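Following the hints, position chain B against chain A.
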Amino acid sequence: MKLLLAKINNIENYILLITFPLMLLFVFSATVSRTFDLGSIMWAEEASRYLMIWLAFAGIGLGFKKNAHLGLSFVVNKFSQKVQRILYFVRAIIIALFGVLISYYTYSLIMTQIYNPQLSPSLGIPIWWVYLAILFGSVLIIIRSLQMSWASIKNEIYAEDAEL
Amino acid sequence: MTITLLLGSLVILLLLNIPIAVSLGLATFIAIVGGGLSIPLEVIPQRMFTSIDSFPFMAIPFFMLAGSIMQSGGISKRLINFAKNLVGALPGGLGIIAVFSSGFFGAISGSNAATVSAIGKIMIPSMEKEKYGKAYASALVAASGTLGVVVPPSVPMITYGVISGVSISALFLAGIIPAVLMMIALCLIIMFIAKRDNLPRGRVSFVELIKSFADAILSLLMPVIILGGIYGGFFTPTEAAAVACVYALIITIFVYREIKVKDLYEIVLGSGQTTAIVFFVIATSSAFSWLLTAERIPETISNAILSISDNPILILLLINLLLLVLGVFLETNAIILLVTPVLLPIAAQIGFDPLVLGIIMIVNTSIGMITPPMALNIFVASGISHASIEDISKKVVPFFIALVAVVILITYVPDIILFLPNLFAK
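For the record, the sequence lines run as chains A and B. Here our numbering = 1-based position in the first sequence + 2. Here our numbering = 1-based position in the second sequence + 45.
It is possible that some hints are incorrect.
In silico EDC-like links for lysine to aspartate or glutamate, alpha-carbon gap of 20 Å or less [as the list claims (entries may be wrong)]: (1) K176/B x D242/B; (2) K240/B x E175/B; (3) K179/B x D242/B; (4) K9/A x E311/B; (5) K80/A x E303/B; (6) K80/A x E435/B; (7) K122/B x E87/B; (8) K67/A x E311/B; (9) K166/B x E344/B; (10) K122/B x E173/B; (11) K174/B x D242/B; (12) K240/B x E173/B; (13) K166/B x E303/B; (14) K122/B x D308/B; (15) K68/A x E303/B.
Derived contacts from chain B toward chain A, CB cut-off under 7 Å, selection only [to be verified]: (16) V56; (17) I57; (18) L61; (19) I63; (20) L71; (21) M103; (22) N243; (23) L244; (24) V313.
Computed far set for chain B versus chain A, every beta-carbon distance over 10 Å [as the list claims (entries may be wrong)]: (25) S83; (26) L421; (27) L465.
Bear in mind the hints are in silico, worked out from the structure with no lab data behind them. Note that the structure is a prediction, hence the values are computed from the model and not measured. Where is the CB? At the ideal position from N, CA and C, for every residue including glycine.
For reference, chain A alone in the conformation it holds in the complex (with noise of 0.2 Å):
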């Protein structure tokens, strides 16, 4: 499981490390050939439009790793210890919840999709593949946040063996 886990942090990092730079260098390389009159690289724009939503999203589980995403933990922090802890874990199922969801209708959404196939105009790609970033996304929100009350189950037993 652990290694499972790792896995799948370095995807989300290789997605990074590919989608970015190629961003760059389409862009980049447009924006040059245009300027010196080489003619325009028509695809470049959509490419790193795609490009740029398989990176955000895949950036997302990363986040929530990090416990980097803004929230408000004023309320929050003004409770006991205990109540804290539930309230971490409630937090936890509460963003777990929010990737089932996107991901069972983004999951909807692609089926249509597949049925009913859409063609990127510039590329032809269908434009599924695209939306598979956000399933990619949410599904990593579930693994994260189930992660997060993971660990502050096993926190719970810690403090309590440590009480004793």
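Same frame as chain A, now just chain B:
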């Protein structure tokens, strides 16, 4: 009914410390299901997709990458060194250096947090050495960090430009004079406190000034290339941002020689992740905002505001208050996405330029970042100095008041904002 569910669930989720992006998305689900609306729920992922499927938005990751490359390339110490030789001899020298270097750094990075972290890491320890209190030094850097999004390039300006249709390059130009006013306001407070507390001045030499300028010039040229390129009609903002990345790579790898190719791995991962965080907020805010518009809620709110009064002075005051309060609780990009549809019609009604509205929104929400509880700049500064959030918040009050004075000034004398865009439009 729908609006009660939407806002009610949003507030509860936010108070439970659910990340802002998730709260906005879930509140949208709850309102559609609970309000019994005949809207298929697939619309939510679909809005999330279409909102970020935008070429102008691509300027955000590119500017973040460029800023991050420059920061790893040792740019902050060069900018600070230049600022030190430029303004270090003034009373409260170190504080003023922090303000100027934040302004310079804001011209390379598009975000407040990045500015506070880049400048704070160097300036907070050196202020502590010169008997500035830990909390005061942190408050000073946090307040200077508000320049990050007002000095172009700026992430929220890109967001506002995409949402409102106002030209991003006009917004970039329009931010310059308000940023200068903010710098002056901050420096006045710093000088006053320095005189009162008898804080030391620095010494500068002309030779050092020239030397440090030569060392910093390549970095200071970056914003010139960005703005010049956009205004000369060579690039769109997104293209300019891509060019900025390549420029940053060239000078940090070949001229400054402070980053190696393998450092790029961490830089790309870091700015990729920050991009994802910003886009996640933009994506779910767009779904939320789409539902608001579908239910004609912005129209209702703007009519309600206009029915209170049609006095522009009063309405502008209300707008500023609303933005300041929202800035205390929400993330900047979320505020822009949610509030722009409400404020644009009001602005049109009272004959207020959408460009001016955008700058006022950005300055207000930036000040929101030094007002607790959602005071990102203070969090970052506190992370560096280990002074408590409460202590920093107390010391930030005079800076807050000075910055609010600037907001009031630019709200009621909008020609200050329009001066540069008008000058270059001709």
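- Task: Have a go at the V56/B hint: is there a Cβ in chain A nearer than 7 Å to its own Cβ?
- Result: violated, 10 Å
- Does K179/B pair with D242/B here, judged by a C-alpha cut-off of 20 Å? holds, 14 Å
- Given the hint that K80/A pairs with E303/B, test it: the Cα-Cα distance must not exceed 20 Å. The given pair, whose Cα atoms are some 44 Å apart, is violated under the 20 Å limit.
- Message: With the threshold set at 20 Å, check whether the alpha-carbon distance from K240/B to E175/B stays at or below it.
- Response: Holds, because 14 Å separates the two Cα atoms, which is no more than 20 Å.
- Straight-line alpha-carbon gap K176/B to D242/B, limit 20 Å: holds, 10 Å
- Holds or violated: K122/B with E173/B, Cα cutoff 20 Å? At roughly 17 Å apart (the allowed maximum being 20 Å), E173/B and K122/B satisfy the hint.
- Task: Report holds if the minimum CB distance from L465/B to chain A is greater than 10 Å, and violated otherwise.
- Result: About 25 Å separates L465/B from the closest Cβ of chain A, which puts it past 10 Å; holds.
- Message: Interface hint check: V313/B, Cβ to nearest Cβ on chain A, cutoff 7 Å. Holds or violated?
- Response: With Cβ-Cβ at 5 Å, under 7 Å, it holds.
- Item | chain A contact restraint for L61/B - C-beta distance below 7 Å | holds, 6 Å
- Holds or violated: K240/B to E173/B, with C-alpha atoms at most 20 Å apart: holds, 17 Å
- Task: Would you settle whether the hint for L244/B is holds or violated, based on the nearest Cβ-Cβ distance to chain A being less than 7 Å?
- Result: With a minimum Cβ separation of about 32 Å from chain A (threshold 7 Å), the hint on L244/B is violated.
- Message: Given the hinted pair K67/A and E311/B, is their Cα-Cα distance within 20 Å?
- Response: Answer holds: K67/A to E311/B is near 16 Å, not above 20 Å.
When held up to the earlier numbered hints, the structure conflicts with 5, 7, 9, 15, 16, 17, 22, 23, 26 and fits the remainder.
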